[in-house]
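Peer 1: Each chain, written out:
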Amino acid sequence: MYRYDEFDTQFVRERVSQFRGQVERRLTGALNEDEFRPLRLMNGLYLQLHAYMLRVAIPYGTLSAHQMRQLGAIADKYDRGYGHFTTRQNIQFNWPKLKDVPDILDDLADVEMHAIQTSGNCIRNVTADPYAGVAADEIADPRPTGELLRQWSSNHPEFSFLPRKFKIALTGARADRAVIKFHDIGLRLVEGEGGQLGYEVWAGGGLGRTPMIGIKVRDFVPTADLLRYVEAIMRVYNAEGRRDNKYKARIKILIHEKGGEDFRAEVEQEFARIAHDPAAPVEKELARIQAFFAPPAYEALPAESEALAKAKLANPNFARWVRVNTRAHKAPGYTIAVISLKPKGGVPGDATGDEMRVMADAADAYSMSELRVSAEQNIVLPNVKASDLFALWQMLDRAGLASSNAELISDVVSCPGMDYCALATARSIPIAQEITERFAEPVLQEQIGPIRIKISGCINACGHHHVGDIGILGLEKTGAEAYQITLGGDPTESAAIGERSGPGFPAEGVVDAIERLIHFYLGRREDGETFKQTYHRLGHSVMKDALYASH
Amino acid sequence: MAKRAELQIVTANHLLEGHSVFLGEDGWTADHHAARIAATPEESAELEALGRVDEAGNIVVGVYLVDVALDASGDPEPIHYREKMRVRAIPSFWPDPVKARPQSLRPRGDGEAHHVSL
Ligand code: SF4
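Top line first, the protein sequences correspond to chains A and B.
Just so we're on the same page, this note's numbering is the position in the first sequence counted from 1, plus 21.
Just so we're on the same page, this note's numbering is the position in the second sequence counted from 1, plus 16.
For the record, the hints were derived by calculation from the structure and aren't laboratory data.
Don't take every hint at face value.
Said to hold, decoys possible - When the alpha-carbon atoms are kept at most 20 Å apart in a straight line, the in silico SDA-like pairs for lysine to any residue are as follows:
#1 A:Lys351 x A:Leu218
#2 A:Lys120 x B:Glu99
#3 B:Lys100 x A:Lys279
#4 A:Lys120 x B:Met101
#5 A:Lys333 x A:Ala315
#6 A:Lys186 x A:Tyr268
#7 B:Lys100 x A:Tyr387
#8 A:Lys498 x B:Met101
#9 A:Lys351 x A:Asp158
#10 A:Lys331 x A:Thr373
#11 A:Lys186 x A:Trp173
#12 A:Lys267 x A:Leu218
#13 A:Lys498 x B:Glu99
#14 A:Lys98 x B:Leu32
#15 B:Lys100 x A:Val132
#16 A:Lys565 x A:Ala503
#17 A:Lys267 x A:Lys279
#18 A:Lys118 x B:His30
#19 A:Lys237 x A:Arg249
#20 B:Lys100 x A:Pro323
#21 A:Lys305 x A:Ala318
#22 A:Lys98 x A:Val132
#23 A:Lys118 x B:Ser60
#24 A:Lys98 x A:Thr373
#25 A:Lys237 x A:Glu514
#26 B:Lys100 x A:Pro527
#27 B:Lys100 x A:Lys351
#28 A:Lys118 x B:Ala28
Said to hold, decoys possible - Quick partial rundown of chain B residues pointing at chain A, CB under 8 Å, derived from the structure:
#29 Asn29
#30 Leu32
#31 Ser36
#32 Val77
#33 Gly78
#34 Met101
#35 Arg102
#36 Ile106
#37 Ser108
#38 Phe109
Each residue gets a CB set at the ideal place from its N, CA and C atoms; glycine is no exception.
Extracted from the complex, chain B is given alone in its bound form:
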């Protein structure tokens, strides 16, 4: 068994649109860097439960926790290659993830600012 990672975020798919989303401070976002980070098993459980509320509320489907580590700029990046591909939101052999990236579901105050910059 792999050791449970320290940090986790919550992902799901947008019910209506289908694309992957991450639970952020103000709702779901397509940008995993804007995801809320759980640092303990208790926080993970709490975060997942929050996600389930929106699943029950028919906003998202398929809620699950993703193990992450912080990158050099302090942003959460998945540890496993499957979720590394998932956060990219497009096939790995497509060149430009930014263009194809779906918009955030609930735009936050800073508009485009939380989009991934490469």
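One chain only, chain A, in its complex shape:
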């Protein structure tokens, strides 16, 4: 994992002490709210429906056991004993008091974390494949590039006042688990001629009010040139992105209005202008960063663990968890384990201080002290020996953290919605809770197979509803909450934006409608088909009708 150098440490500490001063001046009235708001937002502090909310960045979704433990301690000491992991690999604390925030930021700085650029019109926390560095289908670990981008974009003088917020995601794998086609810039590590590593560059993707799939700007940019290339894109956007209308200010609108060809041409022109400087410190810095991400010393293990096979035979619940919640690791004898934060009736992405400590302990004992946060709002242990899985599962099970539902129907993604968010038009968490209860039966869940349900409490789409197999958007209709359903969305390499079904449903009717659709799918699916495959075979209009057909 990356460790702060002196510069990083000093930068973060300075920001904390500046913010401490700003809070003091706010409390004495030397700063009014209009003056203070941009300052607090630059430090990730929002004012929500009930309270302040502090959003903390988890760069490229990677955190150490030590950091996870500190997040738990912060939840207990300053908040109400829990935190919420988001679709952008951040954690949000829901009840901090303004007077405590500088202390929280100091506690974060103690473990090399911060809340800088988790809000505002700047380059936000860079997100990545949660299995980066360990996935069996990966070409190379994209996180050194992620860290380089983090450093470069932190306090970048030219890009601190962009037309609108800017999100970058990256992956080094064939399968896209980082939703790169729906980011302002999406980067996919690829192998070029002669085995040279570089990135396929996508831009102009996004969700929200105007969902769009990004366009490919370039097939290949050598890693050494990537920063310059990203800079060229940022320059074109910063100069030409609209500042007159907040709803048209994202780069996706610029690319859409300009056309892909013109946009590409301008980026290339700008890229050519930013001279390649062989003496530039970028390559040296990348090499320095890369050293932190060197793969750990994996033991030479047999591909199959006998102990694991025995434990699975003896314990069907454990066997199910292994089947559903583990993923292929690049090193033989190792596996990637998903800790689901979607227990039956729970709040998607929420974890208590105690649970964070258990996860930290589990990482220390069984995952080389490392954890990841996924865009699915789950926690991932990236380096678990197959032979340790049973002990790990027992530990998680005791803490209620062994739900076997990764990527199944009850692995619902949900934004905080109106239960917390000031911008919400409806609640999303209670709908998620009802779904996890309705489809709790594990055998049924496995029978239904992989399916993504994603819920947002307003058009801003933090719950990524556009890319769910089933997307749910909470709106207001004549003074009551109403839920609009979209079908056929896909966040992966086969990206698709969900298509709207017919009229929305009242809160009491949404889960019934989904249940009707699921039963219809189970009745009509052909052997081995997933929900997505059945949807594509039967078509949108047939599937959407199933939402409405009454029994």
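The hints should help you fit chain B with the ligand onto chain A, whose structure is shown.
Peer 2: Only chain B with the ligand this time, still in chain A's reference frame:
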């Protein structure tokens, strides 16, 4: 456009603590039942202006008017579901609003008496 409700109260967030508060007879309170009620547009404007004074005085932030109707016991209840959730002060799926309810900022003479009873 929705018709303007007859009655309104003023809400904001406590600057220091962050929780939602309501402008009562003797200052800000966490209990919306203790909020002062404006019955005409003029009274609403006056009430909002009073709230703004405390915003300028760095006691609260985000002052705005909330449409209310009187319930059976004559207490103001928000009409819109968003503010119905806001007055509860906690997520809708939490069971016990009383326990989690923040204390009044400026305790009034009757101490606990103006806390919500369910
Ligand atoms: S989608 Fe809307 S309601 Fe949900 S967190 Fe984002 S802004 Fe809030």
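Peer 1: Hint by hint, where does the structure go against what was stated? Just the numbers, ascending.
Peer 2: 2, 3, 4, 5, 7, 10, 12, 15, 20, 21, 23 and 27
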